[in-house]
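Put together the whole structure using the sequences plus the hints.
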Amino acid sequence: MKLLIIFIYLITTNFSYALEKPDLKNLILIKNPKIYEEVIFKDINQKNVNLDDFKGKLVILNFWATWCAPCRDEMPSLDDLQSNTKLNNLKIFPINIGQEDVSKTESFFKELNIKNLEIYFDAPITLAKKFSLRGVPTTIIFNKKGKEFVRIMGSIDFNDEEFINWLKLYN
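Residue numbers for the sequence shown follow our numbering, so the first one is 22 and each next one is one higher.
Keep in mind the hints are simulated off the structure, nothing from the lab.
Careful: at least some of the hints might be erroneous.
[Stated by the list, open to error] Pairwise CB distance ranges (calculated):
#1 Asn186 / Ser124: 32 to 42 Å
#2 Glu127 / Asn53: 35 to 45 Å
#3 Asp74 / Lys136: 37 to 47 Å
#4 Lys125 / Lys168: 17 to 27 Å
#5 Lys165 / Ile49: 18 to 28 Å
Don't be surprised by glycine CBs; every beta carbon is placed ideally from N, CA and C.
Right, here's the structure in full:
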């Protein structure tokens, strides 16, 4: 009986850990989720967007630039993620930190056939500093309370089923 209990315990703890974090080498799960004040960036019309207005949703901030090859590779899968019907409480903000103009950014989206995402900017690079970004792409995921609980350093395939199923747990 003891062996059966130990066996069940080991299986359930390993299973719950697998659900807790997908097997992506560059995904960092933050044990004590962080809250940030004044997370504000610009939309394509230069209007302020405040992250506080999206509490209650799972929010992804993806920092990228048009000159970044890994950003180019991951952007189509990020676009797919925004339209994934399994994640109906998700809002993705791809934020260009490359200080490029609107027309260059629009060309980038058009070239990659990005249809589900809107364009955002961190023009004065305030968020890059606030979040201590070390490079692009960097993706930060905020829970429904507006706290950062995941950071992805580098590119991933946002169409990865394990990642999507894990993300559903927080949606």
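Do the hints match the structure? See the list:
no. : hint                        : in the structure
1   : Asn186 / Ser124: 32 to 42 Å : holds (38 Å)
2   : Glu127 / Asn53: 35 to 45 Å  : holds (39 Å)
3   : Asp74 / Lys136: 37 to 47 Å  : violated (24 Å)
4   : Lys125 / Lys168: 17 to 27 Å : violated (33 Å)
5   : Lys165 / Ile49: 18 to 28 Å  : holds (20 Å)
Comparing the model with each numbered hint stated earlier shows that hints 3 and 4 do not hold.
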